[in-house]
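> Given next are the chains, with one letter for each unit.
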Amino acid sequence: MSDRDDLHHDAHNPHTHDESPVDHGELRDAAGHSIKDQSRSLPIPPTDDIITDGGRTLWGDAWYRLRKNKLAIAGLIWVIFVILVTLSADLWVKPYFGDPLAMDTTLGANLQPPSAEHIMGTDKLGRDVFARVVYGARISLTVGVIAVAISVAIGLIMGALSGYFGGFMDTLIMRGADVFLAFPYVLFAIALIAVLGPSYRNVFIAIGILGWPSIARVFRSSILSVKENEYIDAAKAMGAGHMRMIFRHIMPNAVAPIIVYGTMSIGGAIITEAALSFLGMGVQPPTPSWGLMLSDARPLMVRAPWLMLWPGFAILTTVLAFVLMGDGLRDALDVKMKD
Amino acid sequence: MSTLLEVRNLKTHFHTRDGVVKAVDGVNFNLEPGKTLAVVGESGSGKSVTALSIMRLIPKTTGVIGTDSDILFKGESVLGMDDAGVRSIRGNRIAMIFQDPMTSLNPVYRVGRQIGESLILHKGLKKKEADERAVELLDMVGIPHAGERAKDYPHQFSGGMRQRAMIAMALACDPDILIADEPTTALDVTIQAQILELMIELQERTGTAIIMITHDLGVVADMANEVMVMYAGKQIEYGTAEDVFYRPLHPYTWGLLESLPRHDVSEKGILLPITGQPPSLINVPSGCAFHPRCPYAKDVCHTQVPQLTSIEDGHSSACLFSGDPGFRRETASPSREVV
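Line order of the protein sequences matches chains U and C.
Quick note on numbering: the first sequence equals residues 1 to 339 in the working numbering.
Quick note on numbering: the second sequence equals residues 340 to 678 in the working numbering.
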């Protein structure tokens, strides 16, 4: 154990040695532990080799390492900022910056460059771009989170069944995943939406369904490696059934890569939503969506470049924030990097 | 006293790409309540597979237990049980301790919670009751400040403490049989002695029968009632600890005893290793499996398979020459007890 652990030891167990009556006059090692003559003290002195690092858990440890990763923290702060802005938008955006859906048809009110009144300018229908970017974040974040939640829910179950039971079940599920992955991603999404009909809800259903094979694969491989541990044999030898084995003993140890992958996938889902909306297969006008705003701005790129700048910037920073966060989580949750 | 565990003609074979691995090939033994049986042999002699077969932990995909084999626990066939029946015995009536305490505790759960798990599972205890009982058990195996340490995570325990925790876990349901698969191999010598003392003391208190699997004869000398020596998946000698250590019959056992360092032998005594390597379990040598390494091998050993035959009362050997009273060795006890 490192020096730090020894320091923690003293800080958290100040009475450990003082309470022990046999301590006085005995040899002590550098850290102050008593050195006992093992061969004479049989039968079995209670072990006194207390090592502790202050009760940090796996997650406590991960948070400690995540905190030191500046980029990941920047990503986290940006994500929290976007969420807070989005949640509070009704309170301050609508009254002071305008309704994202309110058109202004007076002459000259549309395609205004950024000004004090419209800090990001107005679009071709005279709507406030700032309000639309803020409300667009709602769509993007919701789609991102719900789509990934659907992928993770399906992927975890499939991956767990596949990795834990193996054999025929494994073959069936993994070949099914291969079939999904064999189709070009966006094309498959468009095909699905063409069947379901383009709408906000169908976008995250489509993205969610398409995401499960990757999650299942990652989870399966994670489970396969966790399964090799002796504590899994020990749990089996204790009499645990399949459900207890999967949910209590394997999943908690195998889920870290999914947290990382899921976080990064949120960024990917946001991009896919933007792409689908850009192509007209996603969120339908007049709902503000970053992808839709880009699509609207494309023909006006020269006349009103700010129209594509702001939603583009919003997509870039938000996706980047999720990826940085996921990257930081991967390092933080990797026990091999334990300091 | 009725027999607790009867193993009849146990054959556990693994079907691999290279051929059939006869990991255990016709093993018979009885275990009486409260007694200790030591299973001794080199790596790959089938010791662990015997234990895993009793626990029904042999992977179904590759491992096959012979149809004429049987394992009777209190007269009931373990091999004939359904999954639920096996689970009700695992951890409850027959418990197991694994070799490496560093990896046999689940890293995401507090130690106390893990010890209590089998009580919740088998005895229907509430979480709180199980936690309280776990503290008592930790105290019983000599963990100081058990109440606080029960709340620790496994990585906060040292190797010796983890093995104590594993023993506490195994003894939680007061099992009839404790199978210890090399429980001290991964520990340093002073801790080894403590763990063995602990097991002996707990056996006296609880009356649990122990199957002690080890390659270290010094470990078993102090605690075994009966000793079974295994070689290439077969029993080659079986008898009381006294018989096997003081009047060994099989040349392989002689080799094992002579290769053991002892404190009571004068400095000119040299260690005599057994030459050669354990045989491949796919192509077991013809005749006596030990003949390529046996210094006493004669022509007949190449062709004739020796059967385990009773030589003296309760002492049997699988060597063609064991019946010859002139074919004997006297050895001193390999006990590691320090006077």
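None of these hints come from the bench; they were simulated from the model.
Don't take each hint at face value.
Heads up, simulated DSS-like pairs for lysine-lysine below, C-alpha to C-alpha not over 30 Å straight-line [claimed, not checked]:
id	chain 1	residue 1	chain 2	residue 2
1	C	490	C	466
2	U	227	C	374
3	C	490	U	68
4	C	490	C	413
5	C	467	U	227
6	C	399	C	361
7	C	413	C	374
8	C	350	C	413
9	C	490	C	465
10	U	227	C	465
11	C	462	U	227
12	C	399	U	227
13	C	465	C	399
14	C	466	U	227
> With a cut-off of 30 Å on the C-alpha distance, tell me whether residue 490(C) and residue 466(C) pass.
holds (14 Å)
> Is residue 490(C) close enough to residue 465(C), meaning Cα to Cα at most 30 Å?
Judged against 30 Å, a Cα distance of about 17 Å means the pair holds.
> Take a quick look at whether residue 490(C) and residue 68(U) sit within 30 Å of each other, Cα to Cα.
holds (27 Å)
> Tell me if the straight-line CA distance from residue 465(C) to residue 399(C) falls inside 30 Å.
violated (33 Å)
> Can you confirm whether the C-alpha distance between residue 227(U) and residue 374(C) stays at or below 30 Å?
violated (33 Å)
> For the pair supplied as a hint, residue 466(C) and residue 227(U), confirm whether the alpha-carbon distance does not exceed 30 Å.
holds (26 Å)
> Does residue 399(C) pair with residue 361(C) here, judged by a C-alpha cut-off of 30 Å?
holds (15 Å)
> Next pair to validate is residue 399(C) with residue 227(U); report whether the Cα-Cα distance is within 30 Å.
It holds: about 15 Å lies between the C-alpha atoms, which stays within 30 Å.
> Checking one constraint from the list: CA of residue 227(U) to CA of residue 465(C), max 30 Å. Satisfied?
holds (28 Å)
> Measure nothing beyond the straight line between the CA atoms of residue 413(C) and residue 374(C); if it is 30 Å or shorter, mark the hint as holding.
holds (15 Å)
> Given the proposed pairing of residue 490(C) with residue 413(C), does the C-alpha separation stay at or below 30 Å?
Violated. Residue 490(C) to residue 413(C) sits at ~37 Å, over the 30 Å cutoff.
> Can you confirm whether the C-alpha distance between residue 467(C) and residue 227(U) stays at or below 30 Å?
holds (29 Å)
Consistency with the previously given hints fails for numbers 2, 4, 13, ordered from lowest to highest.
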